[in-house]
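Protein chains: 4
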Amino acid sequence: MAQKLRVTVWNEFRHENKNDLVRSIYPNGIHQAIGEGLGAEVEVAYATLDEPEHGLTEQRLQNTDVLIWWGHTAHHEVQDEIVKRVHNRVLRGMGLIVLHSGHFSKIFKALMGTSCDLKWREADDKERLWVVSPGHPIVEGIGEYIELPKEEMYGEHFDIPQPDELIMVSWFEGGEVFRSACTFHRGQGKIFYFRPGHETYPTYYNEQIRRVIRNGVHWAAPTIRDYPTYGNHKPLEQISAKE
Amino acid sequence: MAQKLRVTVWNEFRHENKNDLVRSIYPNGIHQAIGEGLGAEVEVAYATLDEPEHGLTEQRLQNTDVLIWWGHTAHHEVQDEIVKRVHNRVLRGMGLIVLHSGHFSKIFKALMGTSCDLKWREADDKERLWVVSPGHPIVEGIGEYIELPKEEMYGEHFDIPQPDELIMVSWFEGGEVFRSACTFHRGQGKIFYFRPGHETYPTYYNEQIRRVIRNGVHWAAPTIRDYPTYGNHKPLEQISAKE
Amino acid sequence: MAQKLRVTVWNEFRHENKNDLVRSIYPNGIHQAIGEGLGAEVEVAYATLDEPEHGLTEQRLQNTDVLIWWGHTAHHEVQDEIVKRVHNRVLRGMGLIVLHSGHFSKIFKALMGTSCDLKWREADDKERLWVVSPGHPIVEGIGEYIELPKEEMYGEHFDIPQPDELIMVSWFEGGEVFRSACTFHRGQGKIFYFRPGHETYPTYYNEQIRRVIRNGVHWAAPTIRDYPTYGNHKPLEQISAKE
Amino acid sequence: MAQKLRVTVWNEFRHENKNDLVRSIYPNGIHQAIGEGLGAEVEVAYATLDEPEHGLTEQRLQNTDVLIWWGHTAHHEVQDEIVKRVHNRVLRGMGLIVLHSGHFSKIFKALMGTSCDLKWREADDKERLWVVSPGHPIVEGIGEYIELPKEEMYGEHFDIPQPDELIMVSWFEGGEVFRSACTFHRGQGKIFYFRPGHETYPTYYNEQIRRVIRNGVHWAAPTIRDYPTYGNHKPLEQISAKE
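Chains as they are written, first to last, in full-length UniProt numbering: chain S, 1 to 243; chain E, 1 to 243; chain P, 1 to 243; chain Z, 1 to 243.
Hints should not be assumed to be uniformly reliable.
Copies of the same chain are indistinguishable here, so a pair counts whether it falls within one copy or spans any two.
[To be verified] Here are the computed lysine-lysine pairs in the DSS-like style, where the Cα-Cα straight-line distance is at most 30 Å:
{"hint": "1", "residue 1": "Lys126", "residue 2": "Lys4"}
{"hint": "2", "residue 1": "Lys150", "residue 2": "Lys106"}
{"hint": "3", "residue 1": "Lys234", "residue 2": "Lys106"}
{"hint": "4", "residue 1": "Lys4", "residue 2": "Lys234"}
{"hint": "5", "residue 1": "Lys109", "residue 2": "Lys234"}
{"hint": "6", "residue 1": "Lys84", "residue 2": "Lys109"}
{"hint": "7", "residue 1": "Lys150", "residue 2": "Lys84"}
{"hint": "8", "residue 1": "Lys18", "residue 2": "Lys4"}
{"hint": "9", "residue 1": "Lys84", "residue 2": "Lys106"}
{"hint": "10", "residue 1": "Lys126", "residue 2": "Lys150"}
{"hint": "11", "residue 1": "Lys126", "residue 2": "Lys84"}
{"hint": "12", "residue 1": "Lys234", "residue 2": "Lys150"}
{"hint": "13", "residue 1": "Lys4", "residue 2": "Lys150"}
{"hint": "14", "residue 1": "Lys126", "residue 2": "Lys234"}
Keep in mind that the hints were calculated from the coordinates and are not lab data.
The following block holds chain S by itself, in its conformation from the complex (with noise of 0.2 Å):
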């Protein structure tokens, strides 16, 4: 019998306690309703900002075939020493899949290269993400769109390399497009952006939505192979003496 795979959901976990509207919609978290939508076919856990190595310990990471991870104000306040463990992680196979806002933060900026910066507004613009790769198993069970009735606005330029797949992209009401659902591979990694998820909004109780994530942790998971071998290599084949 296969082993189930094993989610960490992180969140910065501030805006609950600070603010009356988030924490009416997210009561034990963001991570909790993100946590729930995955459904009982993987094994989850949680950690969050404020625990001690925020709850990311060697063995922690070691555990986790998926990371997903939420942050917002606090991107400065995670230490450069566990980016740098998360970092080796997924390098290592560990999927990552960044949510929202969390395009601002150290992991996400340290494995693309780029500022991640982009356009925003909150003002309950509606939102549409628009399925662009079909086949891609991330949609699997999505219809063409996923409408939200308020979000946030994100808008391009979105300051991210060109994803090795673009899966869906987003209108506004307000007249922007964002690139919304994108992959990437970094080392022997699979990274999924997912642009929804303001934490004013009830985003991760929509059932598509939800779907997408679940689709995009079993998308993600670790390909099991020996990591790479690098530095010195002595030779497979005979090499001609050259004078």
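With chain S fixed as given, assemble chains E, P and Z onto it according to the hints.
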């Protein structure tokens, strides 16, 4: 009359001062050999590690359209502040050509988000670089392959993100392959990684290698347009009042 | 002195002869408006459906560096033999710019390998084309977006292979998005698909649209090198006798 | 309980009937050797050229999740109508794995839009397939390279569009390289091209080659969702009246 493209060739310039063999091949430094290969169509400047600010002052970079980078033994001596300055210029449109052992430079690793590690061997392998993107401007004037009688071997896995364009793949006598000519985009900047050029071989005098670098410089030239605006963005269309 | 780039603008040229509105906008045909927008830097020729061999004789194509294609109602009237001839020229390096309803042309479908289908609506939608690849030469001189007050809507899913480079994404007033500026490579040829230009709107007089097409022509220019050799190939190295 | 994936292995099945060497290696046909390598996790059916409709009836294709294709000497005998039927099924989500000389099949050429030509040589070259995408599920369980003691050589330039993912690159003893494991998306369908498997070598009994094909079948499995709607589309938002 169009202004000439302004190229700065940066070299660590250490091997040439310490090693008789290297000095005999590149008596004025690898940077001079690279710069001479660029021809009269471009305006060439030089910068080296031991100059103040590694020769890469803010002013120098502002006057650089394309930066060529050769480094090997002293990557760690390049100051983080200068790396950040170059990184920022690339995101704002400066072209960057990273040669050979520059794969392990701080700037290349920061732009890639990966370890940039690889296999290597100094054993006088014959190298044959095969063109796999025959319509790319970087291989204008180049035949089906370039053959180098002796070079250092670099072998896969090369830990980089999937290139936006893969242009050449090397065959090595000892049994390995390598993605030797790759392009990437970061922000408004274009990046070209080109493998050949170990310091103990006269590779940068090879006319075909010079042609590829020259083509690369023209390909990597900045696109003239305003840098995108980021941050809070007013709606371009009316957003309906919602309850 | 460098030879001028030779561009042939191909137009179906039917709407202009049958429809008063279209003729009033493009009295000399859409092709003339496109050609005038290319400026004096290039040498422009024209070809239309009802000429012998659709104006695309072997000689005409041999003297064409970049072919621009506008068709809509008569895709099926283009002879398969001519399509094959154009296809062959693209694989051997001729650039191809496919405009608007040319998405359904035989040549574009043959090059893509997909249905090239999409959603559409003629309802005077406002269109806003957002730049998502800010360093690409095709958007040199272009702002963050191009706004067209009225255009036909094209919506996702657009059934094309993932573009090699996605350069612009359109927002439409009626709620859709579209990958509007995409590049592809086939053989030695470069292909640029650009969405705007329904026959009932004066889109090809818009200065920014003209700039994009002009940039596209330069980007799609052939790379000068020999066509690859294919077929049986003698070994370049000795193969060990094996039993 | 999940339904088993339904795989159809298609083989031209001519060499085995005409050539003693090939028959001695694949007495029941190449298709049987490939099918046996897929294991019990999937449901395998077979189809060959000389059956009515080449064994690829509408019903057979409707009951196929992933089609594997091996052909060589009789590509021209495959009826255009059947090619169109397979093409249509791929666009609607059926996975397709094209092996070795299938690079020149009508279906692969139609999906690629290029000549699919290459260099080749039958000279008992040693082949070494190096993994360049170490996190891809297609190389799960595979080491840094697969070595085949003798195979037909295929060399670059391989005239295909840039693959969506390049997974393995071959080194050949005679001095060439080849992009040997490549994925593409067309419509809702996933396509995997895998190079090895000349009829005079026992390649399809090699456990690592079998593992790659098995992984490929799972990767290419259809994504379950409705086919997109195309054509005229009513607005989802109100379009302002304009003058």
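Structure-based check of each hint:
{"no.": "1", "hint": "Lys126 with Lys4", "result": "neither (36 Å within a copy, 41 Å between copies)"}
{"no.": "2", "hint": "Lys150 with Lys106", "result": "within (27 Å within a copy, 42 Å between copies)"}
{"no.": "3", "hint": "Lys234 with Lys106", "result": "between (38 Å within a copy, 27 Å between copies)"}
{"no.": "4", "hint": "Lys4 with Lys234", "result": "neither (39 Å within a copy, 44 Å between copies)"}
{"no.": "5", "hint": "Lys109 with Lys234", "result": "between (36 Å within a copy, 25 Å between copies)"}
{"no.": "6", "hint": "Lys84 with Lys109", "result": "both (12 Å within a copy, 13 Å between copies)"}
{"no.": "7", "hint": "Lys150 with Lys84", "result": "neither (35 Å within a copy, 38 Å between copies)"}
{"no.": "8", "hint": "Lys18 with Lys4", "result": "neither (35 Å within a copy, 50 Å between copies)"}
{"no.": "9", "hint": "Lys84 with Lys106", "result": "both (9 Å within a copy, 15 Å between copies)"}
{"no.": "10", "hint": "Lys126 with Lys150", "result": "both (5 Å within a copy, 22 Å between copies)"}
{"no.": "11", "hint": "Lys126 with Lys84", "result": "neither (37 Å within a copy, 38 Å between copies)"}
{"no.": "12", "hint": "Lys234 with Lys150", "result": "between (59 Å within a copy, 16 Å between copies)"}
{"no.": "13", "hint": "Lys4 with Lys150", "result": "neither (35 Å within a copy, 41 Å between copies)"}
{"no.": "14", "hint": "Lys126 with Lys234", "result": "between (59 Å within a copy, 15 Å between copies)"}
Consistency note: the structure conflicts with the earlier hints numbered 1, 4, 7, 8, 11 and 13.
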